[in-house]
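S.K.: So you can see what is in the structure, the chains are spelled out below.
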Amino acid sequence: MSTSEVTWGIARRSIVLITRLPSAFFPSLMMPVFLTISFAGAFSGIVELPGFPAEKAIDWFIPMTTIQGAAFAGITTGMSVARDFESGFYDRFLASPASRASLLGGTLLAATLRALAPLCLLTFVAVVAGANLHAGAMTIVVLGVACLGVGLCAGAWAVGLAIRFKSTQITPLMQSGMFLAVFLSTAQMPIHLLTGWLHAVARVNPVTNVLQLARQGFLGDVTWSTTWPGLVALAGMIVFLVGFAYRGMQRVIP
Amino acid sequence: MSVAVAQYAALSRRSLVTTIRQPRAFIPPILFPLMFMALSSAAFDRTTQLPGFPPSDSFLQFLICTTIVQGALFASIAAGSDMAHDIEEGFFDRLIASPVARTSILAGRVMGSFVFGFFQAWFYFGVAALFGLTVEGGFLGMLGVTIVAAMFAAGIASIASAFAIRTGSSEAVLGAFPLLFSLMFISGLFFPRTLMDGWFKTAATINPLSHMVEGMRAQVITGLDVSEWLSAVVIAAGFFVVGLTLASLALRRRLSVSS
Numbered sequence: 021m022s023t024s025e026v027t028w029g030i031a032r033r034s035i036v037l038i039t040r041l042p043s044a045f046f047p048s049l050m051m052p053v054f055l056t057i058s059f060a061g062a063f064s065g066i067v068e069l070p071g072f073p074a075e076k077a078i079d080w081f082i083p084m085t086t087i088q089g090a091a092f093a094g095i096t097t098g099m100s101v102a103r104d105f106e107s108g109f110y111d112r113f114l115a116s117p118a119s120r121a122s123l124l125g126g127t128l129l130a131a132t133l134r135a136l137a138p139l140c141l142l143t144f145v146a147v148v149a150g151a152n153l154h155a156g157a158m159t160i161v162v163l164g165v166a167c168l169g170v171g172l173c174a175g176a177w178a179v180g181l182a183i184r185f186k187s188t189q190i191t192p193l194m195q196s197g198m199f200l201a202v203f204l205s206t207a208q209m210p211i212h213l214l215t216g217w218l219h220a221v222a223r224v225n226p227v228t229n230v231l232q233l234a235r236q237g238f239l240g241d242v243t244w245s246t247t248w249p250g251l252v253a254l255a256g257m258i259v260f261l262v263g264f265a266y267r268g269m270q271r272v273i274p
Numbered sequence: 013m014s015v016a017v018a019q020y021a022a023l024s025r026r027s028l029v030t031t032i033r034q035p036r037a038f039i040p041p042i043l044f045p046l047m048f049m050a051l052s053s054a055a056f057d058r059t060t061q062l063p064g065f066p067p068s069d070s071f072l073q074f075l076i077c078t079t080i081v082q083g084a085l086f087a088s089i090a091a092g093s094d095m096a097h098d099i100e101e102g103f104f105d106r107l108i109a110s111p112v113a114r115t116s117i118l119a120g121r122v123m124g125s126f127v128f129g130f131f132q133a134w135f136y137f138g139v140a141a142l143f144g145l146t147v148e149g150g151f152l153g154m155l156g157v158t159i160v161a162a163m164f165a166a167g168i169a170s171i172a173s174a175f176a177i178r179t180g181s182s183e184a185v186l187g188a189f190p191l192l193f194s195l196m197f198i199s200g201l202f203f204p205r206t207l208m209d210g211w212f213k214t215a216a217t218i219n220p221l222s223h224m225v226e227g228m229r230a231q232v233i234t235g236l237d238v239s240e241w242l243s244a245v246v247i248a249a250g251f252f253v254v255g256l257t258l259a260s261l262a263l264r265r266r267l268s269v270s271s
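First to last, the protein sequences are chains G and A. So for the first sequence, the numbering used here puts the first residue at 21; every next one is plus one. So for the second sequence, the numbering used here puts the first residue at 13; every next one is plus one.
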């Protein structure tokens, strides 16, 4: 089999697993919907803050919860790899003549594709809940770019950990790592309204730029000046996290 | 000490020691609310200036009771999961076969959660104090809050134990977690109800957790308020009575099936 056939085969298997083991994927799909309802409902009053950039709370929170959903979706791919290590199935992949790059590529392709599910569901929720799509279709396009990028990053992070620990017991670290990366940014408030240590951390956290990329269509027009910092941040995160997963894949022994 | 009291004490002690001996089980339920407190108090500090926000020194002062309730909720669900483990591993059947009082099986677990919830609440007050928390109600205010937290922890532990006894599965107990998590989110725990609107505000107003935490919060942000405290106590006691009734019924049913 060629490298591309192996990559696609691995990705296809990971996607099919969603239907075979829905209990592992379904919560990652419903959690962002629940977070959207909770954040937009509980914090509806924050739009009254002077300088708050959104007209409605849902405009501010739904890009963040969609990104969080993409991250959860990517993590479920890593969880599948950890389960395969526990059952010994992944050792058979490693012992096969398939290249390590194609094994990793297939898994990360699946993580990226899995991020489409929360994107579609939360776009539907946004429309039904009356979120402002100021930039029309471009609102969803830039949100989609951010989601797919975050899905890939989360998948690489989770797979990198799964390869190193070979156990589903590492799942809390996969989840809390992504949770912290998102919440130590402008997930809850814009940068100029943050205070103290969180302001300092959010300023250097690349996820702040990714959220700016994802949110821009909900807050106003899509412009290049608010797009490129997000793309650069995503590229940097992808290089770093895919490198982390690739190093682990090269060193792992069946 | 009568035999019955000795049995209650021994099983309460076992419940507490089981929790303390498993850092993996009790550290995350303690740390997650702390993490949420740190993130939210830094993120939402400016919202205390909003018109209609309860007069607070900081968002930390507003949020501390939420952290305490969150911690009690998480730890008590873990206690219910431990009860299910006892059933799965056969320890529960050995207890039934022994001459121990049946009610002590449940009371031990619930009392263990009461004690854990009480000290956990003091721990949260201690951590928040390091970051500048002031409690207007002073020591008595904090004592009032920790008593409500302990009663609430016992109530949630009873509900989780009812699930555990009924299903005999720790997965089923953990499966009930999203339900309780929703109850917590759709409430006034994280933001004042005065700043909510629409159906969410209605749902938060119906939710008894909103009123319980507001009664606790009054002791922290305005000072000692007995009527507010009593309303919180009544709601926590309500959780306890409902939970204990459900757990007792589940226990009776399991015992009748076993015998």
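It cannot be assumed that every hint is accurate.
[Unchecked claim] If you want the ones that stay clear, here's a sample from chain A, every Cβ over 10 Å from chain G, calculated:
1. Ala22
2. Ser52
3. Ala55
4. Thr59
5. Pro63
6. Ser194
7. Met208
8. Gly210
9. Thr234
10. Val238
11. Arg266
12. Val269
[Said to hold, decoys possible] Going by beta-carbon spacing under 10 Å, a handful of chain A positions derived as facing chain G:
13. Pro40
14. Phe48
15. Phe56
16. Phe197
17. Ile198
18. Thr206
19. Ala215
20. Thr217
No lab work stands behind these hints, which were simulated from the structure alone. These numbers come from a predicted model, not from an experiment. Built from N, CA and C at the ideal position, the CB exists for glycine as well.
S.K.: All hints are to be evaluated individually against the structure, with a verdict given for each.
M.R.: These are the hints, each one checked on the structure:
The claim that A/Ala22 is not at the interface with chain G holds, since no C-beta of that chain comes within 10 Å of its own (minimum 32 Å). Listed as a non-interface residue, A/Ser52 fails to keep its Cβ farther than 10 Å from every Cβ of chain G; the least gap is roughly 7 Å. Listed as outside the interface, A/Ala55 is inconsistent with that label: its C-beta sits roughly 4 Å from the nearest C-beta of chain G, within the 10 Å cut-off. The non-interface label for A/Thr59 is inconsistent with chain G: the shortest C-beta to C-beta separation is roughly 6 Å, within 10 Å.
Its beta-carbon lying about 7 Å from the closest one in chain G, A/Pro63 breaks the requirement of being farther than 10 Å from that chain. Separation of A/Ser194 from chain G is inadequate, the least Cβ-Cβ distance of about 7 Å not exceeding the 10 Å criterion. Some Cβ of chain G comes within 10 Å of the Cβ of A/Met208; the nearest lies about 6 Å off, and the non-interface call is violated. A/Gly210, annotated as away from the interface, has a beta carbon of chain G within 10 Å; the closest lies near 7 Å.
Consistency note on A/Thr234: stated as away from chain G, and its beta-carbon is indeed over 10 Å from all of that chain's, at 20 Å minimum. Separation of A/Val238 from chain G is adequate, the least Cβ-Cβ distance of about 29 Å exceeding the 10 Å criterion. A/Arg266, annotated as away from the interface, keeps every beta carbon of chain G farther than 10 Å; the closest lies near 26 Å. Every CB of chain G is more than 10 Å from the CB of A/Val269 (nearest about 28 Å), matching its label as outside the interface.
About 7 Å separates the beta-carbon of A/Pro40 from the nearest beta-carbon of chain G, less than 10 Å, and the hint is met. Residue-level restraint check for A/Phe48 holds (minimum Cβ-Cβ distance to chain G is 9 Å; threshold 10 Å). Interface restraint check for A/Phe56: the shortest CB-CB distance to chain G comes to about 7 Å, inside 10 Å, so the restraint holds. With its C-beta approaching chain G no nearer than about 4 Å, A/Phe197 sits inside the 10 Å limit, and its interface hint holds.
Hint status for A/Ile198 relative to chain G: holds, with the closest Cβ pair at about 7 Å, below 10 Å. Restraint check, A/Thr206 versus chain G: the minimum CB separation of about 8 Å is within 10 Å; hint holds. The interface hint given for A/Ala215 is met, as the beta carbon of that residue sits about 8 Å from the closest beta carbon of chain G, less than 10 Å. With 10 Å as the threshold, the beta carbon of A/Thr217 stays out of range of chain G, its nearest partner Cβ sitting at about 12 Å, so the hint is violated.
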